[in-house]
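Given the coordinates of chain A, assemble chain B onto it according to the supplied hints.
Listed in order, the protein sequences are those of chains A and B.
The first sequence begins at 25 in the working numbering and counts up one residue at a time.
The second sequence begins at 25 in the working numbering and counts up one residue at a time.
Keep in mind the hints are simulated off the structure, nothing from the lab.
Nothing false has been slipped in among the hints.
Any copy will do: because identical chains look the same in the list, a pair fits if it lies in one copy or spans two.
Derived DSS-like pairs (lysine-lysine); straight-line CA-CA distance at most 27 Å:
1) K414 with K403
2) K144 with K154
3) K367 with K343
4) K35 with K398
5) K158 with K144
6) K83 with K374
7) K343 with K359
There are 2 protein chains.
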Amino acid sequence: MIHAVILAGGKGTRFWPLSRETWPKQMLNIIGEDTLLRQTIKRIDGFHPPVNIWIVTTKNLIQDIGFHLKPLGKEAERIRFITEPAGKNTAPAIGLAAVIINKISPDSIMIVLPSDHAIKDRGQFHEKLKQAIKGAEQGFLVTFGIKPNRPETAYGYIQCGASYGKSSDGIFHVKRFLEKPDAEKAKAFIREGNFFWNSGIFVWKTTKILEAIETHLSGLSRGLKKISVRKDLEYDILSEIYSSFESISIDHGVIEKSRDVLVIPSDFGWCDLGNWTALSDVLERDERGNILQGNSIDIGSENCTVIASDRVVATIGLKDMVVVDTPDATLVSSKEKVQEVKKIVETLKKNNREEHLVHRTVERPWGSYTVLEKGSRYKIKRIVVHPKAKLSLQIHHHRSEHWVVVSGTARVTRGEEVFDVHANESTFIPISVKHRLENPGLIPLQIIEVQNGNYVEEDDIERLEDNYQRMKKE
Amino acid sequence: MIHAVILAGGKGTRFWPLSRETWPKQMLNIIGEDTLLRQTIKRIDGFHPPVNIWIVTTKNLIQDIGFHLKPLGKEAERIRFITEPAGKNTAPAIGLAAVIINKISPDSIMIVLPSDHAIKDRGQFHEKLKQAIKGAEQGFLVTFGIKPNRPETAYGYIQCGASYGKSSDGIFHVKRFLEKPDAEKAKAFIREGNFFWNSGIFVWKTTKILEAIETHLSGLSRGLKKISVRKDLEYDILSEIYSSFESISIDHGVIEKSRDVLVIPSDFGWCDLGNWTALSDVLERDERGNILQGNSIDIGSENCTVIASDRVVATIGLKDMVVVDTPDATLVSSKEKVQEVKKIVETLKKNNREEHLVHRTVERPWGSYTVLEKGSRYKIKRIVVHPKAKLSLQIHHHRSEHWVVVSGTARVTRGEEVFDVHANESTFIPISVKHRLENPGLIPLQIIEVQNGNYVEEDDIERLEDNYQRMKKE
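For reference, chain A alone in the conformation it holds in the complex (with noise of 0.2 Å):
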């Protein structure tokens, strides 16, 4: 059996603004039409023999991600999830994905994928994918190393050894992993020609990777076992488990001391979408080497990427910059700097803001919200209702709500009564009554609310029942 682990935590930060807390660059749909998990997913579509399709994640991403992939229909039905207590660098999540693999079908091919690369020949990758798997069945750790098309700072190296089995098999031994190296050195690199891009995708046994952890990192190793003896897990246990495991990755914990490595190198149009920077590999320039999308009007930029909204975004004569613009916050940064922007998200939280945790809209099971402004005392959003779907019957203690219904038509329980409100009509939900927003309709639903009162937070709310199985936060 081979089975597909898609790595899906993070912290929503090296993409902010478009990422955030809630909202990490995996849902981000910034290369193409489609977001980077689900493109990540579509990857294996049509690999041969049929793989299965897990999702490791953290607690607080899990409902998002499920929801998430709604789109994907019936193929979302059989992706599974694995949820971590918290995020703790990929060992661990790679770690506990062995354990309840092999648990199910012990003995079986892993190959694992971060959610925030892009690969633009699918045909390839399959091809190299399958050359992986052989290797994998020998019992080796399985990379691609990516050839590399300039002396790139971002990303770590391989260094290729000798042939493994026949030459024009095209798979090496690894002799070294080398470091983001310094611009010297990544030239050096190309200059010696069997130096490529460290992928960060493997293919391996489930055995051999437990047993690799097993070698180089025994606290973890100590923690998988009792999670492997136990049938079920409880979360709390688990949780236990987890807080004592030291966050670290697989590449510096495990694949790097190993010697059981191999790798194949690639070309698959592989980019590793690290920051805002990234965009530039797989997104088409214009003739001055800039990005523009969205509301953006340029003078003269160079190098340059500005993602806009809907608001107009205006730049001139910049060089080696990224302009990122959303409703509640806007980046502007240089190329060179941006990887500090995950300081910006530090000053966020520490100031007790929510710019770096959610979005001014946010999705819902039901739907979305979108807070167009808070002041004191009030708060409006805009509220839209998928059909058939209903909100928590609820109540709030601290304030009332005025409903105007701008398209479709809302079913609205307040108290005892059951009543609908079609368009241009507007209702009322007084303090402490309880109440139930429902698309009865086949189109969506769009009302504005006004909520006044003395206290407009997200966590006056109490649910008395809720099709979402969810009790505390809306």
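The following block gives chain B in isolation, referenced to the frame of chain A:
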């Protein structure tokens, strides 16, 4: 008699997106608490003998400038307005003011003050003004030359000639006027020492400037004579005369060609706020040379100006840049190229957008409104009505309106009814029903308006009664 004529026209391009066509830079409080226009008016305060104040502006701005001066209270009542049918640069504006003032107060002294200057030392400004008035009384055209503290290339220069009167008076004949120099020339001017920045502030007799216009701008002079012979000048006639005027500055058209020009070297902390880069001369900078205003977070930028509003603007590693963020438009420009902002404004105009024309918050005589969101078939506004103020009695033919009172009390006229709506209550105005919103209270009234209809533009308004003599545009 002494008359100060404040030039307050402009197209709102150079400080876009803070300035707009309907809200040019003199109405901005970009330096200090008060707006540039009100600072200019206050600059005359305490001058002896007392000075009459006139404001020359264009027809499209006159009403907003009137409302804009209300905070001056009694002071505003003594200001007289001259309305140009269209902006034609400074020569026609000054000529028109001279003709009008000369008619009611023949052969008086006229001080010309642009409304976009900063002057730090008002006391010294008054001293120099007194000297200038003496020169003007002797029949000279008098200007101020600002002592340069750097080889600035954004200003024109004046070269001093021989002393006028006693050399201790510090008044000189002008040897010549010089266009904005290149960096080389500017440095040479500074080395020579007898070069000063052309301040654009003038003092002269009305009769003298009209004579000079007659000599150097005969077309303008003929038009002004037609104006001066009429007892009552109808707007249509003025408009016709004005349309024939060439658009030209008083500097180029008259002063630079005249021989009777005196210059008073001055050092009263003058700055011409010509564009965004000028802010660095008047606002305090941090230790890295940055000006950071509003909700801005910076990491390691140098020599930058960041003007944020409520939304977070995060900047990283920028050099010599201007970033200006407003609710509906953002500008990111190199300082070097920021004068090209006028091309951005042209593009917006050409594309029939509104971001060059109005702000998301529009000031009205009765208060203000802010468009929070516009969608297909709906528009959401926050409306603030000043205590005791009322909007016009009006009808909309294509939209109904839901009003939710957020704070204060609304007196609503709807058809034949008149009733009060209190905080946290709402009401509904159906299509084609005459209505009026009024604040009968002592605190500002704040309502959220949700418009619904096939057409939700500002021009769907029929005014039946208005306290502010507006029967067309809100």
